[in-house]
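Residue numbers for the sequence shown follow full-length UniProt numbering, so the first one is 1 and each next one is one higher.
You may find that some hints are simply not true.
[Unchecked claim] Under the rule of at most 30 Å between Cα atoms (straight-line distance), these lysine-lysine pairs were calculated in the BS3-like manner: (1) 293 with 181; (2) 353 with 293; (3) 215 with 432; (4) 181 with 273; (5) 386 with 293; (6) 215 with 281; (7) 360 with 57; (8) 273 with 316; (9) 360 with 321; (10) 488 with 181; (11) 71 with 386; (12) 281 with 360; (13) 56 with 432; (14) 386 with 316; (15) 386 with 215; (16) 53 with 71; (17) 345 with 366; (18) 71 with 215.
Hint data in this document are derived by calculation from the structure and do not stem from the laboratory.
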Amino acid sequence: YFSINAGSLFALGLIPFLRGGIQCFGRDCFPLAFGVPGLLMLVSFLIFIAGWKEYKKVPPSRQNIALTVAKCIGTALKRRYTTRERLEEDVDWLEYALPEYTREMIHSVRSFIDVAIIFMPLVLFWALFDQQASTWVIQAQCMNCRVGPLTLMAEQMSFINPLLIIILVPLFEVLIYPCLKRLISVTPLRKMAFGGLLSSLSFLVAGLLQFEVNKSIPVIPQSDQISLWTIDDLPVMNTSGHYFLLEGRERLMRATEYSIGGELIDMRRYSGKGVVVKGRKGGNTILPFQVQKPMRTMIIYMIVEEEKSIYNTTLKMMNSKGEAINTYQLVTSNASDDTSYIEIKLPIISDGKIDLRYGKNLIYRKVIEFGMGSVLVAYFEGTEMKLLNVVEENGMNLLWTIPQYILITMGEILISVTGLEFAYSQASADMKSVLQAVFLSSVCLGNVIDMGISGSHIIGDPSLEFFLYAALMLAVMIIFILLANRYKYKDMRAEESGSECGRKKGGNALPLASTDTPL
């Protein structure tokens, strides 16, 4: 488990950089992001093949254990409801499978069923855990990824999980568990129950964080709406003859005809978009834009009027070395399209300042702070560039996601690591592989739950969706605790050694050794 997470740490830290930090043909370098892991996998395969002669090869059993378990359960159920002979009330119903199946097999199946029932509520844990690579990344994309001089990528935060696993697994085993054992009995089921509660808490924290993230997410106009902004105190009159001002303020309005600054404008052509209107002599300048947050970048739309002295000149974005890294021609923006804009993306290390030079011979200068996720509209008063913020920058910093990663990682240690240990200690030798298959199947079922809730988008607000997962996990863990209280731990070593003695004497009926310790 430690080595798996060591590999994950390398992948989650490096691969996002290979994709987004390196350009391939002017775009994110997906070929490199997929090619490097593929090459490393090929190298590991060749290393594996190189040691083939040294491996001890144990042929697999010809018996299909999973099928045998299913047949044993099916036989017992069929005879229980069809035969007239009834077993005593305190006798396990699996005994109906006698004599077709030995008592040793029946006891093995019983241990399998008991552990499988315990594992059933843990399906929801995997539904929560695997969202680190989906909904939590989407949440991080709406946050400020600037950490000091560094610009991180949202998906890189996932590397916290394997990093914490590498740190916390030894810490739990060497320090935390021994200290707790001096105070209380630390059993596997108690660990798993507490891990589930921590997982529920992690999504409660994620939901509270999403509340704050939502504050900087713009309201997207519907197909019959516009998001209207005006510059220069332009009065707006609707079809009912009511006047109002929109100076520096956003209004979600029905897409219809409006009189703005005395000019009648049909806004239906801009349905579903944002519209900035700037007054000028001879008619208004209209700039439509997309009301949505850019990912890891900042967008600047330009309003340039022909009578301005900077019309038809060049705007350049300079780096700290005075080198032009982007060039834009300042021509009129009085058009119906919204494709003319500058998209600014910071390098991995920078001071976060954007140096814009414009005008003839680039004599004018505007230095602005980079605002991740923001959309600005630049307009000119004489030769001075002014900015209207139409989509706010991401407010919450990416580091605020660390608490939820710590909680879900602690939950993983207490559930996943302990769960595998519990399955192996409570299953007979011939059932260990079947129980491992059940454990892995619970991961699959957890992803199915994600598809049903997150994938279908039945809940529009991400914060409410996180709260739903937290509530479901809490309810499931209550069920888990009730089941765990009824579980009796089995000493499989005593059972297996006893089975060997019984076989030597010709017997096959040996009960499982158990303890009455609850949870």
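Against the structure, the hints:
| no. | hint | result |
| --- | --- | --- |
| 1 | 293 with 181 | violated, 50 Å |
| 2 | 353 with 293 | holds, 20 Å |
| 3 | 215 with 432 | violated, 50 Å |
| 4 | 181 with 273 | violated, 61 Å |
| 5 | 386 with 293 | holds, 21 Å |
| 6 | 215 with 281 | violated, 37 Å |
| 7 | 360 with 57 | violated, 77 Å |
| 8 | 273 with 316 | holds, 27 Å |
| 9 | 360 with 321 | holds, 21 Å |
| 10 | 488 with 181 | holds, 20 Å |
| 11 | 71 with 386 | violated, 77 Å |
| 12 | 281 with 360 | holds, 24 Å |
| 13 | 56 with 432 | holds, 20 Å |
| 14 | 386 with 316 | holds, 16 Å |
| 15 | 386 with 215 | holds, 25 Å |
| 16 | 53 with 71 | violated, 38 Å |
| 17 | 345 with 366 | holds, 17 Å |
| 18 | 71 with 215 | violated, 57 Å |
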